[in-house]
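Dock chains B and C against chain A, hints included.
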Amino acid sequence: MKAFNDLADFTNDEIQALLELANRLDAHPEPHALQGKVLSLLFLSPSLRTLASFQAAMVRLGGGSFVISPDMSIHGLETRPGIVMDGAAAEHIREAVPVIASYGDAIGIRAFAERKSLEADMAETEFRALTDLIDTPYINMESAMGHPCQNLADWKTLDDLGVPANGGKFVLSWAYHPRALPLAVPSSTLRMAAQRGMDVTVLRPEGFELPDAIMQQARDAAEASGGSVRETEDRREAMQDAQVIYAKSWSSTQCYGDRLGDEKLRNELIDWCVDEPWFENAQDDCRFMHCLPVRRGVVVSEPVLDGPRSVVIHEARNRMLAQMAVLHQMLGGQS
Amino acid sequence: MKAFNDLADFTNDEIQALLELANRLDAHPEPHALQGKVLSLLFLSPSLRTLASFQAAMVRLGGGSFVISPDMSIHGLETRPGIVMDGAAAEHIREAVPVIASYGDAIGIRAFAERKSLEADMAETEFRALTDLIDTPYINMESAMGHPCQNLADWKTLDDLGVPANGGKFVLSWAYHPRALPLAVPSSTLRMAAQRGMDVTVLRPEGFELPDAIMQQARDAAEASGGSVRETEDRREAMQDAQVIYAKSWSSTQCYGDRLGDEKLRNELIDWCVDEPWFENAQDDCRFMHCLPVRRGVVVSEPVLDGPRSVVIHEARNRMLAQMAVLHQMLGGQS
Amino acid sequence: MKAFNDLADFTNDEIQALLELANRLDAHPEPHALQGKVLSLLFLSPSLRTLASFQAAMVRLGGGSFVISPDMSIHGLETRPGIVMDGAAAEHIREAVPVIASYGDAIGIRAFAERKSLEADMAETEFRALTDLIDTPYINMESAMGHPCQNLADWKTLDDLGVPANGGKFVLSWAYHPRALPLAVPSSTLRMAAQRGMDVTVLRPEGFELPDAIMQQARDAAEASGGSVRETEDRREAMQDAQVIYAKSWSSTQCYGDRLGDEKLRNELIDWCVDEPWFENAQDDCRFMHCLPVRRGVVVSEPVLDGPRSVVIHEARNRMLAQMAVLHQMLGGQS
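Residue numbers (my numbering), protein chains in the order written: chain A, 1 to 335; chain B, 1 to 335; chain C, 1 to 335.
Isolated chain A, as found in the complex:
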């Protein structure tokens, strides 16, 4: 495996094999599998779960990792191409990234969307500028539009919960949040759910439609896997017989990169906080999923988050297990 960048690069059989490996490593630890192997971790954006779970994953397999973030370089890392570096930054990513990569057997990279241009973010301009610099196997630890480690963990969680791949009813819902957040999780979660073969509903207010190209990719994936994709702003319609609601806030795509325009839209939508009444016509055991971090009382009510519907801690632990499987395959762990 040269890259773990997008679940769509893998067949469903390959994903199933990864998840079987994740389960096996959970049940039967392999503390020598990656002895002496190194994972480089480059965080150009903040992290808690990803930071912790990748370090833990490498230790569990007998290897190790190191973490680099721009504040460790003198005055940060320059990213602009072709610039005369007479300002603050003392180092350019064109040196820093290949060097960091050269110390590891694989590298994990996180770089959130710049959110200036939807076109540039959809094209993964920034993330590709980083991965183009290296030959080392790499893992996308969240880019402008992708978060495959989260997606693989969530797929595993759906398996663990017994939500059927075909016929499972999955609602991806926008939620209120005081800030405009990236599209990476909703876009890649939608595509994951469609690829898994579920009947997926995107529930979002006007102005917060996911990009057309993402919707189309999801529809194509659903067609191939026997699932379906639809979108609505009608909560009741969306939640009918739902087995899972996956909540996430994201930026307005109508006002992408326009903070004030986005704020104006979202400030009308503070009632988009997932609460028990949302589940009225869902299946009785409908679950609540979220990638975390989550704002209590804002994105989701405390009773839902602390109640039996919530599987957010289970999801988060699956991050470590899913990544262990990816690392085991990528770094050639012996079984």
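Simulated from the structure, these hints should not be mistaken for laboratory data.
Treat the hints with care, as some may be off.
[What the hints assert, rightly or not] FRET-style restraints, in silico, Cβ to Cβ:
#1 B/E20 with C/K116: 22 to 28 angstroms
#2 C/R128 with A/E119: 55 to 61 angstroms
#3 B/D135 with C/A129: 55 to 61 angstroms
#4 C/K116 with B/D220: 56 to 62 angstroms
#5 C/T232 with A/L260: 55 to 61 angstroms
#6 A/E14 with C/R128: 55 to 61 angstroms
#7 C/R128 with B/Q283: 35 to 41 angstroms
#8 C/H314 with A/D9: 29 to 35 angstroms
#9 B/D220 with A/A17: 32 to 38 angstroms
#10 B/D135 with A/G82: 39 to 45 angstroms
Backbone N, C-alpha and C fix where the C-beta goes; we use that ideal spot for every residue, glycine too.
Okay, now just chains B and C, sitting in the frame of chain A:
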């Protein structure tokens, strides 16, 4: 071992067994004992020795660790219960702590006293709010009133020095410091020395008495172990035949949480700097102990700190060895 | 090996043995060699490559490390001797360094020049104040005047490139940079190249001569190894038949510690940016070396840095391999 939270949770025989294990691991390393095991380290308060010694301890036993502090989350971690999270913090400890714990086989947690209410700090309100969130075995890396890792290391240091458990004369002395510091070290050190069976004198100026409940716990422990506890503000009386003086600054308990009141009291007490004349009527080889960090020329004079009485580096190294023993027992290291 | 502080402490045969070990560890990993061994890493100055490569090196050999920097202590570390610590800093290096060292089997220390007095920096006053505090084997991770890990990696790079030890033509060139930088890399690189036996030219503008004592050490080393050392400010003369140009900016030694005086001198020298025309009379395959971080378009032009002459990433990866050899010898790795 499900928790390492307080030496008082262990019999003296159990403590002795831990210290024998610490000595054995020092003399006969077990670099495979915890292969593939992970210790999560959550620092809600700053650290140097604890941070370094726990990481080193896990490596020496063949495992590993990862470190999380609130500045790694976006805008810090919210701790208040029942709050609508529409402010800066993007994540609540109710998610962060269980998630971090779920990546490890055990978790170490540090959270200093809030020092608003002595009652709340005595009840360990904040620390319990954290440990109540998890089922994982945990280690108290310093809470409002406890620092069991320091206590175990200090017990080992007393053993190493040949200070007798019964009959050993131990002085815990307040010292001047420009800031009001937590009660965790003095309170738990007093209880440790009493539990070990020594004759303990608390030497402190008026206004800096340790809390009644702590004094009573220490007296009860001394009674059970054949030791004794008394307190005085008379330096000469306290130091008579002393074998060990353990210096530490702490907040006024008379003015707890009242910065100005505390300052007014302590500013009269800058002569509480442990210096050679203090040792006039102590035993000749009376030792100086301190948990570090220590302010030179403020808490203790340079000649004492740099002289043969001082065992502070020995104490600090014992932190690592004591913690290795705890980790070995807690994580099921094979001998 | 009790210290890795200066290549001049080793014979050329000993260095060759270290580099053979580095090559062997690259070709034939030894992921159990340092199982359970700990490297303490103390960074009193910022780092990216050193930070990453030492952590990676320890993992590759089966051990581990921990990182301490002053911001992990409360309000930083005090370094001044004999001071009454009633200010911000809560801990002195006199405790912090021995404690940190006591947790490791070896310690790496980085402390850049203070650049107040050339005499003090030449005498390594600050670095010696740190290493005098410990008995643990130590590695110089860059001091006022030395950077032996960089030097060993560069020696390996010269070997890898087939640049002959005797007769190889090596140019160490000053380059423009907006800030006054330490002398550690140029001084120790000059001495390394001379010790290796090459014909070394120091190319630098007036006011930026390297210290006399350094030049003399280099001449002595060259005499012993069959090499030569000269200096010039004439670019064309320096580059004649050059096989390697090693670029680096450094402070004016004429105005050492005088920021304004240094600025006045360097601001006339922005044309000291290594560019393709510099190579006109060099050997066709003349290589460009730099220790990184490097400012693009300032120290070196983008075409040179991104072109086939540049070996900067190769150099940086050799940091890890060279350090693995040092650690393997220092920590008694079994072969």
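Each hint tested on the structure:
B/E20 and C/K116 have their C-beta atoms about 51 angstroms apart, which leaves the hinted 22 to 28 angstroms range violated. About 57 angstroms separates the C-beta atoms of C/R128 and A/E119, a value consistent with the hinted range of 55 to 61 angstroms. Remark: the range hint 55 to 61 angstroms for B/D135 to C/A129 is contradicted by a beta-carbon distance near 48 angstroms. Separation of C/K116 from B/D220 is about 57 angstroms and conforms to the stated range, judged on CB atoms against 56 to 62 angstroms.
Between C/T232 and A/L260 the beta carbon distance is about 60 angstroms. The supplied range of 55 to 61 angstroms therefore holds. About 58 angstroms separates the C-beta atoms of A/E14 and C/R128, a value consistent with the hinted range of 55 to 61 angstroms. Distance hint check: the CB atoms of C/R128 and B/Q283 are about 37 angstroms apart, consistent with the given range 35 to 41 angstroms. One distance hint, 29 to 35 angstroms for the beta-carbon pair C/H314 and A/D9, holds here, with the actual separation near 31 angstroms.
Between B/D220 and A/A17 the C-beta distance comes to about 60 angstroms, which lies outside the given range of 32 to 38 angstroms. For the pair B/D135 and A/G82, the supplied restraint of 39 to 45 angstroms is violated, since their beta-carbon distance comes to about 54 angstroms.
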